[in-house]
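J.: Let's have the full structure, built from the sequences with the hints guiding it.
Chain residues, written in single-letter form:
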Amino acid sequence: MILHGRSWKFGDDISTDLIAPGRYFHLRSDLPELAKHVLEDADAEFAKKVSGGDFIVGGRNFGLGSSREHAPTIIKLAGVSCVIAKSFARIFFRNAINIGLPVIECDTDKIAAGDELEVDLEKGVIKDLTKKIELKFAPLPKAMTRILGDGGLVEHIKKHGDFKIE
Amino acid sequence: MGKTISEKILSEHSGKDLKADDFAIVKVDLCLLQDGTGPLAVRQLDKLGIKEVVNPQGIAVFLDHAAPSPRKELSNDHITLRNFARKTGCYLFEIGEGVCHQIMSELFTSPGDVLVGADSHTCTGGALGAFATGMGSTDVAVAMGLGKTWFRVPKTIKVSVTGKFQPGVFAKDFILFLIGTLGAEGATYKALEFTGDAMESLSMPERLVISNMAVEAGAKAGIFASDKVTKSYLKQHGREDKFKPVQSDKDAKYDREINIEVDKLVPMVSMPHTVDNTKPIDKAGEVKVHQVFIGSCTNGRIEDLRIAAEIWKGKKRDPDTRVIVTPASKEVYLQAAKEGLVEIFIDFGATVTTPGCGACVGVHGGILGDGENCVSTSNRNFLGRMGNPKGFVYLVSPATAAASAIKGELTDPREYF
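Residue numbers (numbering that gives the first Met the number 0), protein chains in the order written: chain U, 0 to 165; chain G, 0 to 416.
In case anyone wonders, no lab produced these hints; they're calculated from the structure. Just to be clear, a hint being listed does not mean it is correct.
[To be verified] Now the stretches of chain U that chain G is said to cover, found in silico as 3 or more residues with beta-carbon under 8 Å:
no., segment
1, 25 to 31
2, 43 to 53
3, 58 to 66
4, 151 to 157
Note that the structure is predicted; figures quoted are calculated from it, not measured. The beta-carbon is built from N, C-alpha and C at its ideal position, and this holds for glycine as well.
T.: Listed below in structure tokens is the structure:
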């Protein structure tokens, strides 16, 4: 699958409290409404200006903190096609795969805000079309490729009736 | 070759001989949902078309993050969870019964169990010798529906701790120190195993503090071997029959080993806005304190409340510092009332609130104003954590929080010991 969009750049330690703030706790059963506040405390303009297909490009330990799956879910609902970061917190990473949001670990220093990116998930290549550079990334573990390939964990289990990750 | 505790528990629950980095399907003994993550898990089960859960007696649902509910939306989420519990026959813990991890430890989690919870602090259960970890709503929905989940077996960091805690220095100071040392992603994808004489001599409530915060170093689990302390805690809660020995093999292979000596450990503070931004209290600078919060799944136990009461007895809070005390469970609240602690809190000028998570997670009952500082015994100080991105949260032990409430500024508690 080839993904295409612009980069939205964020720093290190983007917590799930920044992605889905606790003060909007009451919107967790209204995800489209909650998505209007995604990453509001990190970049107040993000939710308003992000376009379908855009990428979030983060630093280290993206998604640290709570297990709230609402965090990757509202990133996906906002139209983001994929999150690229230097590293991810464990629960966020797994949640993202489970809800069908691709996540890529890769050195993001060379990517600037607003760069036009093209990502080939199978080949493990990010093309920064603005900078005219290519970045490589390691593929996901097989278990996660299987789940993501089916569109997320619910779809995976519905399709196979069980885990089919080996 | 020998095994770590994680390798042993996960091997036993998969029927395979597992080692670190293996992928496996693992039987799940216990599942936990709370009111922030539970409604989504229920909706995911509906999407899966799963009507019945495999083991309702191993599922506990907690109404603790919005207790009592401050908004109609959250009241409706509570209805969803009550209906789910009624329909499936799983346990429901109503408003006021307490914080999920406290009740799981008191009533459910046993050595050798696999516990998955839709709450990141589910790792608290590691204190009892369980493999306990936080996951998202969909993972827990599937675990409830199929009775199993998948894991990559974590590598383990052995944390060997020796020495004796000085008066005024507590398990909380140790775990803040460790997180500062490891960094917020120092243990990502890994398990921590706590060992050494300083850990063996800790009570279960102190172990719970340490396991609770393992996730703040990125860890999947934070585990103690089970021993006589575990046995006596289980007995205290009428579950002595659930004891079983859980320990790593002498020749277990660790990712690395960290040695810490606690004799010289001092009270620690996590400065805003990351948990690993730790400083010894004498290097934390002058911090005016607008609010003190004593509570949460980290430090809302009776032992914590006793420390606060001891420091506060016969004193008044600083007039410019408001104080919130939230017992972690109904049991804790009742015990605090019986021991006369609640009276001391009220005389001191504190507000005692319903057992729950509201203040810590910024839902209700302690939201900060712009520019305000809160000294808190909870586990997170991320920007916006206590409901306002313009607030500042400092994480400390109950003793430091109690001392700070008297002085109105961040205060070294050792003068009270």
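J.: Now, for every hint given, state plainly whether the structure supports it.
T.: Structure-based check of all given hints:
1. Coverage of a stretch by a chain is defined here by at least three residues with a beta carbon nearer than 8 Å to that chain's beta carbons; for the segment 25 to 31 of chain U and chain G the count is 5, and the condition holds.
2. By the rule of at least three residues with a Cβ nearer than 8 Å to a Cβ of chain G, the coverage given for the segment 43 to 53 of chain U is violated, with 0 such residues.
3. Interface restraint, the segment 58 to 66 of chain U with chain G: holds (6 residues with C-beta to C-beta distance below 8 Å; minimum three).
4. Only when three residues or more bring their CB closer than 8 Å to a CB of chain G does the claim for the segment 151 to 157 of chain U stand; here the count is 5, and the claim holds.
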